[in-house]
Amino acid sequence: MSGYDYYPGCSLKGTGKPYEESLLAVFESLGVALDELDDWNCCGATAYMAVDEMQAVALASRNLALAEKSGRDLVAPCNACWLVLNKTLGRLEGDVDLRDAICAAMAATCTTLNGEGRRPLTLEGSVAVRHPLDVLVNDIGLETIEEKVVSPLEGLRVAPYYGCQIVRPLAPFDDQHDPQTMDRLLAAAGCEVAADYPFKTRCCGASQMMTMPDVGIDLVSLLIEDAIARDIDVIAVACPLCQFNLEGYQGKVAKRIGKEAKLPILYFTQLLGLALGIEPKRLGIQRSFVPVAPVLERRAAHA
Amino acid sequence: MATEPMIRTEADRDPEFADWFTDLVGEEKLRECIHCGICTGSCPLASHMDFGPRKLMHLARQGFSADVLGSNTIWLCTSCYACTVACPEQIPVTDVMYALKRRAIEGGQAPRKHPVVNLAKGFTGQVHRRGRMTEAYLIAGLALRSGVLRYVGMAGVGWNSVRTGRISLLHDQIERKEELRNLLDAVEQHGGEVAVR
Amino acid sequence: MPEPAARTSGNGNGTPRIGVYVCHCGTNIASTIDVAAAQRAAESLPGVVLSREYKYMCSDPGQEMIKDDIRDHGLERVVVASCSPCLHEETFRTAIADGGINPYFFQMVNIREHDSWVHKDMAAATAKANDLIRAAVRRVRFHQPLEARRVPIDPKVLVLGGGIAGIHAALTLANAGKQVYLVEREPSIGGHMAMFDKTFPTLDCAACILTPKMTQVRNHPNITIWTMSDVVEVDGFVGNYKVKVKHRPRYILEEACVGCLECIDACVFRRGKTPDEFNLGLSKRKPIYIPFPQAVPQVVLIDPDTCIEFRTGKCKKTCIEVCADRNAIDFTQTETFDEVEVGSIVVATGFKAFDAGRLPQYGYGRYDGVYTALEVERLVNASGPTEGKIVLRDGREPERIGIIHCIGSRDKNTNVYCSRVCCMYSLKLAHLLQEKTNAEIYEFYIDMRTAGKGFEEFMLRVKSEGVHMIRGKVSDVYPEAGGTGRVVLQAEDSLAGMVRKIPVDMVVLATGLEPQPDAEDVRRIFNITCAGGGFFMERHPKLAPVSTFTDGVFLAGACQAPKDIPDTVAQAGAAAAEALALIDHGYIELEPNTAYVVAEECSGCKTCLGLCPFSAITRVDGKAQINPVLCKGCGTCVAACPSGAIKQNLFEDEEIYEEIMGVLAHV
Amino acid sequence: MSETHDAGQQVDGFEPRIVAFFCNWCTYLAADLAGTSRMKYAPNARVIRVMCSGRVDPQFVMEALAQGADGVLIGGCHPGDCHYQSGNYKALRRYHLLRRMLTDLGVEEKRIRLEWISAAEADKLRDVMNEMVAEIRALGPAHLEVPDESFEELEEVTV
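Residue numbers (our numbering), protein chains in the order written: chain A, 1 to 303; chain S, 1 to 197; chain G, 1 to 667; chain U, 1 to 159.
Any given hint could be a false lead.
[What the hints assert, rightly or not] With a straight-line cut-off of 16 Å between C-alpha atoms, the simulated EDC-like cross-links for lysine to aspartate or glutamate are:
hint : chain 1 : residue 1 : chain 2 : residue 2
1    : U       : Lys40     : G       : Asp121
2    : G       : Lys412    : S       : Glu32
3    : G       : Lys242    : G       : Glu520
4    : S       : Lys177    : A       : Asp35
5    : S       : Lys177    : A       : Asp38
6    : A       : Lys69     : A       : Asp95
7    : U       : Lys40     : S       : Asp50
[Said to hold, decoys possible] Take a look, some chain G residues computed to stay more than 10 Å from chain S by CB distance:
hint : residue
8    : Asp154
9    : Ser475
10   : Gly497
[As the list claims (entries may be wrong)] Just a few of them, taken from the derived set where beta-carbon distance is under 7 Å, the chain G residues facing chain S:
hint : residue
11   : Glu90
12   : Glu341
13   : Pro360
14   : Lys412
15   : Ile446
16   : Lys473
17   : Gln490
18   : Ala491
19   : Ser494
20   : Val499
Hints were generated in silico from the structure; no laboratory data involved. For every residue, glycine included, the Cβ atom is placed at its ideal position computed from N, Cα and C.
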């Protein structure tokens, strides 16, 4: 049972495409299998929870049920998916009535394919849902990764940005207030980690950027302005929504803070991929809104 | 200029709402709030709220349902959980916000054209139909329902996304849509509010 | 007392004449238990010749009523249903003895703590009371006349902990002429108070009021000070404790050292390299050092972890050279032990300041400008690491200072209780810091708790001095961009109804008070109890606040709960007074609940011999024999005796069987 | 403070009767503390005070069951905390033997319970009381008729 099942979540098929591309490329380069879960559905994210709680739990549960059949851990790269799936696991474990209701409904309506054909879908709640940061650092290991780094990103000053939902309210693999996993991974990739960046777990505005743009711009401006003031070259992220919010609106941010804002926002997998010597195109670097080349060139000149 | 008096009488209170609210979390935790304000202090959006989570929860405990459900506070919560992990009384504030959102939507107290509500409804509608969410349609739907104009300023982002191949007009969907829809309908009939913790 | 075997005396039908009294305890009992019904139910129980209810049985009229009834109605047994026997068993026994019958012809029924206070349903609570009263009535018929055992009290006292609590207790006892052993684990007595600068609300200098007391302790002929020492074993019981004390080596002969400190100057280390414990690491010390200038005893010590001689054996030992005439340095010292006998013990082990590193969100250890309150006490202290100048770790003087209350207090993630002193010491530090720096000072508080003599007035004074009061707990501490060295404090200003961000140069974390980390070990050694949170538990929160459940062991100071200096000193005095009362009484009466052997029934099987932890049982002429002086009355041997030859006073088998049948007899 | 409602007074009328033997130094005081803290718990137990859980003769337990108790609770100090050094260990040893014997006689294990409850653990006392009442209520009344010979067997247990 080597390798992992992979739950991309909706965003990684859309705006988060570079995350998926770079994640798959990195795992392939490290020789670790990542197999997409068959017929996964949306996790429900934060929106479903605001409308119907039972349905939200049911949505996540179907994925958990599909995933537990292989006996492998499930990798969920999107922070929101990761939290929703993990929170649902906790609630199913702590609330027998809830679990019974969901199991009954699922067995009656959903199926899965096993050796004997289509069978009603059952749920035990036995799968472990993991974030790629956790898997890379705690399973694959920094030593293994360091060995495979061929092009360390020396001179690149990177601020690790974890966002909210992989450290709150649950923090199974890192410190809640001062997480270090991404810091260590970026250091392994040769980056200069900006340990002084104070907002590594501060909210990016999430879906408010769509619904109340003024509010969203406010939050992102704080994050970008501080990074610029600290001479940071790149902010590294671990969530598609964080990436989109931090990168997509820098024109508006510039107006808000009265300074130029052209700060590349890259997935930690993209940076790690570069260090592993993977072709930038395979990492989706060209899909960035903010040009990345100037920063990389400056680094090359520096090195 | 019209002024809204900041005075409430006992007649404004809705005791049933207060009871419903305090029962959301076990062990009477919601009654044990010590008003330290760390929820509001840690909230990245408190500065935009009618009142921060501390005050909102106090109003709810007192049964001022109209103030609570009519406030923008619950719609501004981004589920970042900063308040939840900071609370010295271990109140799961974010989950309480979810419950208030549901109550407002179910009771029809949510602002009719509020973009957050529209986004949530658009999102759930899509997922209910197709099992997955496609960003292009989510945004388009939001723009249509909440008034197109406020999204004009966002057009740059849309163009960038198309340019870099990060947005697709193809609907993403799952194979066994029918099964998922039946599951969602089945649990909806089961119904009922699940305790927050 | 001419009272023959219980069963045969009394009212003609073989049962003694029993009186039952049911107490209302105001409304404490009567609001949940139908007292009148319980009284009527008791009336019809076999042997009961009289049953009464009364508002407060423990009051004088209540006691008089019992005494009168014994005389007027010829009562031979008394049952009182009221509160816990821990509270008033003694009261009623005394009254009954005054009334003229043996005090042990009495049984108490706990219908308050065990019944009315813990139940809501009146029918169920009343039924329970009836069962318990019935059991007591059945039991009391079998009571035997007994006499309390008297044990003499050794007048020596052991005081554990040399902070202000231990110092005050020791002095009080010594001044009354009692021999005191004062055991302190640090190299000097003085405790936390020695580290403080000024004390609230009067702002007297802590050293000015503490050091004279420390000197008194040193010079007192009745006090033996043992520093660097721990109690490792306590044996015995009230009046007769045997205590084993371990002395850790300080590598200095205490009698020879005169405290000239020349060895410190002579040390091969030109300057200190080890973080100084007393200054909380804000300064450095050498391997040979004295904890602080006014230390008692005035004796240096050597830290073997950093001393070159200990680490390599190749030091020039300049310290020994310079001490040639006194020859006080001894690298060969090892642990030694003392065993002393004392009659009573005062535990005054104090508190530990909450470790601010447990809350990384407040930046302690991460940002230079963040200090704990105790560190700031040292900073503002004229004899501290900066000689009282407020200089930050990066060398700057602060222009803005934020004091954050309730760090490690009032938070279910750390400690749920209020640490009680932090509001006041924060105000004090605000005053002192403002006096020394002219900085703008912000107090971030949740509730300002200033209950105490002169406390509210002090708060008003600090407010009038212009300190900003922000009602809200700081949620974020993060460094300002641009390398200013400042950190930004973010909090809801709940009075203004908005979130505020305030950049400050210095943050003071008002850390709460926690039990000592080894409180659990101390608790075990002294056989006392820890309450929630780990503080030692007093026998009764109101009526016995310095006693413990172990007779002869008393509590003083912050080891019992967070408290300020005045309360600590008051409690230390009370603990000393309780010990003195015990000593001056000369003896203590013990429950006559010892076990005894009915020799005819003993089969000599030896089962009991190994069971007694106090070696009270011996075998004489093939039969077990119990030494009543050694027996503590646990009854373990009684339960184990296969032939039923061992019995226990006050807890005879038939008494317990009657109770069992009594509680289950209702229809 | 969380407060469990009186678990008593059920419609079906079965109210478990529990005899509780509490040691004087820990569990009895925990029950006192529950009182001073005004905690609420099920009113089904009747407490009999002994100096030490080591005093609880297995025959007391048998007698209680024979007299109609539906359950017996023994409360002592935590291991290492015994006021008499080791009485609670003796109690524990006897408890294991006694329970094995009672199981042989058809008495459900849950009817006999030994708990270490320190003087500070009023909340634990409350929880144990409520839990035990609920468990025994689920079991129904005990119908124990102790054959005489088992009292003799007890003597082995006793030692």
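For each hint, the structure was consulted:
no., hint, in the structure
1, Lys40/U to Asp121/G, "holds, 10 Å"
2, Lys412/G to Glu32/S, "holds, 11 Å"
3, Lys242/G to Glu520/G, "violated, 20 Å"
4, Lys177/S to Asp35/A, "violated, 21 Å"
5, Lys177/S to Asp38/A, "holds, 13 Å"
6, Lys69/A to Asp95/A, "violated, 22 Å"
7, Lys40/U to Asp50/S, "violated, 41 Å"
8, Asp154, "holds, 48 Å"
9, Ser475, "violated, 3 Å"
10, Gly497, "violated, 7 Å"
11, Glu90, "violated, 39 Å"
12, Glu341, "violated, 48 Å"
13, Pro360, "violated, 12 Å"
14, Lys412, "holds, 5 Å"
15, Ile446, "holds, 4 Å"
16, Lys473, "holds, 4 Å"
17, Gln490, "holds, 6 Å"
18, Ala491, "holds, 4 Å"
19, Ser494, "holds, 4 Å"
20, Val499, "holds, 5 Å"
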